[in-house]
Amino acid sequence: MRRLRRTLQGVAVLSGALVTGLMPCPVRATLSIANPSPSSATVSIATGLLDGGLPAADWKDTSAAGTAWHGTVAVTLLNLTGTWTKTAGSHTLTVTTSGTYTGTSAQAYYVVTVTSDTGANVSASVTGSETATITNQAKSSPIAVGTRGVTVKFDTAVTYTNGDNFTIHAGNMPASAMALHPATGSITTTSGSETASFTNGGTTVTGGTATTVGTALAFVTTTGASGGGGFRIVPGVEITYDRNNVWAGAYVATVSYSILTGP
Amino acid sequence: VCLAGFALPFTTLTASAATTATSTDTLILTAGALSVVTVSAGSVSAALSSSSPVSSNLAVADWGDTTGSGAGWNGTMAVSLFNDTRRLGQERGRPHPHQQHQRHVYRHRDPGLLRGHRHLRHRHLGQRHGDRLGVGQHLANNGSTATGGTATTVGSGVKFVSAALNTGMGSFRVTPSGTIAFDGNLDWAGAYVAQVSRPCAIRPGRRPLGFN
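Residue numbers (the numbering used here), protein chains in the order written: chain A, 1 to 263; chain B, 1001 to 1212.
Watch out, some of these pointers could steer you wrong.
Unchecked claim - Listed next, with one range per pair, are the computed distances between beta-carbon atoms:
id, chain 1, residue 1, chain 2, residue 2, range
1, A, 127, B, 1185, 54 to 62 Å
2, A, 240, B, 1179, 52 to 60 Å
3, A, 223, B, 1022, 23 to 31 Å
4, B, 1033, A, 209, 31 to 39 Å
5, A, 201, B, 1179, 37 to 45 Å
6, B, 1028, A, 212, 19 to 27 Å
7, A, 89, B, 1037, 33 to 41 Å
Think of the hints as simulated: they come from the structure by calculation, not from any bench. Note that beta-carbon positions come from the ideal geometry of N, C-alpha and C, so glycine has one too.
Please model the complete structure; the sequences and the hints are all you need to start from.
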């Protein structure tokens, strides 16, 4: 404790010296992104595309150097992993969620039909986008349904019977579903005198996988100005999908932003 | 920050700022609807002296399912009688005695003058013309009779195409084909026209949503 007090006193002395006796020196450029707000839009399947915006965020350059900077965006695939619904039989699932679907189909589905249940273990057939067999697997943990991330969790307190049938819809939109669309974005200056503008309009923001973002793409650049600047930015995007090949539901993508020096 | 020529890293005196951020974007797709739109009418020509029945493609239509539900659907067809109005009041160059003053309504009142009312039979339902028919969608009831209603109203619908659960989303151009029976001894030469109605229904055997 005594050692800690001495250390704190030392800092206090140092701080006083900073205020009273130091000469000016260069300060490292400080770039930041803060307050990203999830974005959401609703459109009828029949429309086929949506022009809108990605999450708004606060982009800031607090340096005095006037260095130009740019922002990038990277996204996962737009993923739908629905919930299990009973489609036949008399028993239900308490946990209806699934592991994230990792396949490439925008309109996948899985049907699990129970064939037997010993109480602790269950057997079932899997049909739909994949064909598989669940053989005497423990109900205490989620069970893989096929090879693409989908899982089903049976209730341990329920003894399922032959013919109990559950269905889930899932899908990932193509990696090319999203493209920059500046017309539906916005840049609002919140501080400073820098100028920011969108770039790479029309370029595809290539999705990675269902769980990892793809390659980052620059979407905004600044000129840099003495004193820096701050902006609230909504990247505009156009999402195109095959209305013949999607489910009704919520397709969700993870969006990752980075702010980097240089125009 | 400089201290008599000694620089302290800026981040040691201030909270570090994030240069990356992560959030989510959600696209909610809401259900569209079932739809059927006629593309072109069906037509076939045959000599009265030819053998009956005659094969014919029926009216072509685009069938759509943008519900995104995977509930499946089915399409039915209902037809009116095949009717030839041009025969009314003008037969072999002379007016028909019963039609001289009731040219346009008489056919509804005197069944004996309803020429060419025939049942439409569709047999070649295995033939299809669709841009996306695949596993789970199929033509049904091959060989069934679509019984005509009256000259102006369609009869009962007969299912002729369906999509199973979790299939059939999208749009399909379907050309049903069938055979039309006639009697060369009783029919006039001319154009017999029937109305064809095609409701579209969610799930095979469930409620019809279209027109009828």
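These are the hints, each one checked on the structure:
no.: 1; hint: 127(A) x 1185(B): 54 to 62 Å; in the structure: holds (55 Å)
no.: 2; hint: 240(A) x 1179(B): 52 to 60 Å; in the structure: violated (44 Å)
no.: 3; hint: 223(A) x 1022(B): 23 to 31 Å; in the structure: holds (27 Å)
no.: 4; hint: 1033(B) x 209(A): 31 to 39 Å; in the structure: holds (33 Å)
no.: 5; hint: 201(A) x 1179(B): 37 to 45 Å; in the structure: violated (57 Å)
no.: 6; hint: 1028(B) x 212(A): 19 to 27 Å; in the structure: holds (23 Å)
no.: 7; hint: 89(A) x 1037(B): 33 to 41 Å; in the structure: holds (38 Å)
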